[in-house]
Every structure is written in C-alpha cells, then in structure tokens.
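2 protein chains.
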Amino acid sequence: DLLNRIDDHFNDKPLQGQRWLITAGPTVEPIDPVRYLANRSSGKMGFAIAEAAAKAGAEVVLVTGPVNLLASSAIKRIDVQTAQQMFEAVKSEFKSIDTFVACAAVSDYRPTEAAPQKLKKQSDNGLTIELMQNPDILKWAAEQNAAFCVGFAAETNNIEEYAEAKMTKKGINVICANDVSRKDIGFSSDNNEVSVYYKNNGAMQVERLGPALKTVIAQQLVSFLPGIK
Amino acid sequence: DLLNRIDDHFNDKPLQGQRWLITAGPTVEPIDPVRYLANRSSGKMGFAIAEAAAKAGAEVVLVTGPVNLLASSAIKRIDVQTAQQMFEAVKSEFKSIDTFVACAAVSDYRPTEAAPQKLKKQSDNGLTIELMQNPDILKWAAEQNAAFCVGFAAETNNIEEYAEAKMTKKGINVICANDVSRKDIGFSSDNNEVSVYYKNNGAMQVERLGPALKTVIAQQLVSFLPGIK
Chain A
84 DLLNRIDDHF NDKPLQGQRW LITAGPTVEP IDPVRYLANR SSGKMGFAIA EAAAKAGAEV
144 VLVTGPVNLL ASSAIKRIDV QTAQQMFEAV KSEFKSIDTF VACAAVSDYR PTEAAPQKLK
204 KQSDNGLTIE LMQNPDILKW AAEQNAAFCV GFAAETNNIE EYAEAKMTKK GINVICANDV
264 SRKDIGFSSD NNEVSVYYKN NGAMQVERLG PALKTVIAQQ LVSFLPGIK
Chain B
84 DLLNRIDDHF NDKPLQGQRW LITAGPTVEP IDPVRYLANR SSGKMGFAIA EAAAKAGAEV
144 VLVTGPVNLL ASSAIKRIDV QTAQQMFEAV KSEFKSIDTF VACAAVSDYR PTEAAPQKLK
204 KQSDNGLTIE LMQNPDILKW AAEQNAAFCV GFAAETNNIE EYAEAKMTKK GINVICANDV
264 SRKDIGFSSD NNEVSVYYKN NGAMQVERLG PALKTVIAQQ LVSFLPGIK
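So the protein sequences, as listed, match chains A and B. Per our numbering: the first sequence = residues 84 to 312. Per our numbering: the second sequence = residues 84 to 312.
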C-alpha cells in the first residue's frame, strides 16, 4: 500500500546530502512580562515535516516557537519566542539550504513597545494596543534565490485565492494551504488535509493530501516536494 | 521532617466534607480565528493546589484555561478558553464552596470584537487593537460573601504593595504573591516561592513559602489556609 511504498522510499534516503531548514510552532510577542500576543499553532505539522525530512536522509534544522513537542536528536533544534528571534535564527542558518519550509504561524504584528514591567489595570476603561509589522521571513528567504521555498497558509475562507496571491506576492515555489476553520483538522489536531499549490510551466497545479495524520501528510509532502523542484 | 509531617497531615483527610473551587492556567482571548491575546501561565501551580486539596479530602472543582496538564480523576475538571467562559464556569460551580482559589492568569482585557474570519494584512502599516475589560472573577466571588477567597498576584515589581492593594480592592481574604520577573521560579518552572499575605485582627501578616517545588508549595498552602480562615 501507499504507506509501505513511502516507507521503502524513505529507507533509500532520497534526501541524503540535502540540508532542509524548517520553521514550526507559533511566535509569541510580549506586550509586557505577563501578557502576549500569539498565533494558534501546536507545531505538530512542522515537527512532522522535520522528522520526515530527517528520516529521508536530509540534514535538518528546525527553528521553533514555544511548543510542547520533542524532536529527534538527529534534528538541530533552535528554540525562539518572537518573530524577530525566528528571523535571526533563519538568517544565521540560511547557508547551503536546499529546501526551506516555513510552517511556523509567525505573528504578522508585534506590540510597538513591550513594557518592561507588568502593566497595571488603571481604571474601568478599555485599552488600545499599537502594533507594528514583523519581518516577513518567508519573503526574505525567497528573495535570497538560494533555496526551494515552501510556505503554509492557514486560512478560514477563500483558501485557494489567498494561497495563490501569497505565492505570487512572496515569490515562493509552493504554498500548502489548510482550512483552519474546520474543527476536525488543523491546529492542535493530529490530523490535517493540505492542498499543495505549485506552478508547472506557469500553470497553477494543485495536489491534495489527506485527510490523514500529520505524520503521514508530512511523509507525502517530503516525497512530493523534490519532484516539483 | 516537614514533608513527612505534611504527608501525615494529608492522610488524615483534614478537608473531608469541604468543596474547593480552583482556577488555573491562562485565558486565551481570540482576535480572529488564528490570532489571540493571552497571559503566560503553565497551570502548574493551580493544578498542584487542586491535587493537594483533593489529597487532603476535599471535593475539588478545577476550572482551567488551555494547558498541557492532566488532573487526577478525583478532580472535576472544566476546560475553558476565555475569561468570560471561565467566569460562567465559576458562577455555575459556585455553590456550597468553602474555599475559592483563583490561581488562573485571567486576561484583564479582551478584543472589543473577535473577527469571525482571519484578518488579512492589508498594507505595510501598523494595526491597532481595541480592548475592553473582562469580568473580574475574583472580585465577583468575594462579593458573594459565601467562600474563603484566595487570590494570586503575578507581579514584576512593588510586589508587597500591589498584593495589599489587590486584597483591599477585591475584598478577599488572602493574596499569594510571586515575583514573575525571576527566571528561576514562576511561569513554566516547576519551582515557586510564594508570599502569603493575610490579615490577623486587621494587621497584615505575611508567610513565606519556598523556594520549593510547586507541588510542595501547594501542600503547604492547603495545610496553611484553613488555619487562617
């Protein structure tokens, strides 16, 4: 069956000699030492891709936000909190990278200033938080023209349209889109269903993976991506 | 030694017949289906207090925000996400409560509106999030005049002053204050050091517990609190 064929494929170590850089998990943007802004992400999809790439023989660097997951010792894991820290880690590891998979749910915005001490509730009024944009890590990676760049899009509506727009805007090769409005897949679930968008001679193609365990989707992705490179 | 004496004490089931309501963990306030605002909290301190109270014979209800922790089957666990959901759960369980321990790191504020669909980054500009106040669960509990109310204060500065002010403002019996600016204790650490503030004939008293494992601090607290009730 398919899983056996994938297992055989991985035992051949098809990614031997390649270096894959993968981001996973959320980023956490402090408002003060207690409060923060974040994106939902368990990190499971990114970790599964890292494990699948390592199993297929790649040298894997995994840059992850705060998650409750363990990575195999074969994987070089770098833990970060904020989008800026993730960007610094990606830049410093972005050497001889074959494939960059941006699976992390990076916060687009961070508070303009993080207060060094806990903000006190002063009155019965509301509060306004001013946010500024974070660096676009995936766009930066694509601009290096040095690696095959794969992005993820967590959308709740108009998924195909947004995925294609994101691909064009960031100049990347592949977008894996999932519908996070569904309760049965995505986020903290062990399952996922991914639509892989890519261009073949300028024409948009789509490959649907799953619904399946994230570990299975990850193995399918790691088998599939080198073929469209 | 002290730990053996505490163990002996707990084996006597000193809280038999009592009902304790405990909150734990962070609350998570959605900005849209992907982004959220939250407070740092692993839930470890609240879960440890729930376990210690159950071990001492109390019937325990634990209302918790999203955490990666398991509770014993003897504990009635209610999982919530937002401060409003935590408030509803506390109100519905606030019957024949002897002791209410508010250990959760409840978000003081929530976005004025949570967008039903993922907000798209529209331009290179910043973003402003309008926040409104969440209900004050501990203050509501104290106003019922029906249970011994214990609050927690996670502060980074002027800890004693803020703890005393919080006690007076909310009209509660005890504040357990910890200094979350220290890296070695608090938040995701297994260790903590707590200063327990309470009034004895109108005079402020303080009892310092730890530094020790949160499980040990929890047992000490559960032994200590009934004596000042």
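Calculated directly from the structure, the hints in this document are not laboratory data. Don't take each hint at face value.
Identical copies go unnamed one by one, so any copy, or any two together, can satisfy a pair.
[Stated by the list, open to error] The calculated lysine to aspartate or glutamate pairs, modelled on EDC-like cross-linking and capped at a C-alpha distance of 20 Å, are:
no.	residue 1	residue 2
1	Lys159	Glu276
2	Lys203	Asp95
3	Lys222	Glu244
4	Lys201	Glu213
5	Lys178	Glu244
6	Lys201	Glu244
7	Lys252	Glu213
Regarding Lys222 and Glu244, is the shortest C-alpha distance of 20 Å or less found within a copy, between copies, in both, or in neither? Within one copy, since 18 Å is at most 20 Å while 48 Å is not.
Status of Glu213 relative to Lys201 across identical chains (alpha carbons, at most 20 Å): Both: 17 Å inside a copy, 19 Å across copies.
Is the C-alpha distance from Lys203 to Asp95 at most 20 Å within one copy, between copies, in both cases, or in neither? For Lys203 and Asp95, neither the intra-copy (59 Å) nor the inter-copy (42 Å) Cα distance is at most 20 Å.
Homomeric proximity label, Lys178 with Glu244: Cα distance no greater than 20 Å: neither (32 Å within a copy, 52 Å between copies)
Identical-chain pair category, Lys159 with Glu276, by Cα at 20 Å: neither (27 Å within a copy, 34 Å between copies)
With 20 Å as the alpha-carbon cut-off, assign the pair Lys252 and Glu213 to within, between, both or neither. neither (26 Å within a copy, 29 Å between copies)
From the Cα coordinates, with 20 Å as the cut-off, is the pair Lys201 and Glu244 best called within, between, both, or neither? Classified as between; 14 Å across copies, 41 Å inside a copy.
Of the numbered hints listed earlier, those contradicted by the structure are 1, 2, 5 and 7.
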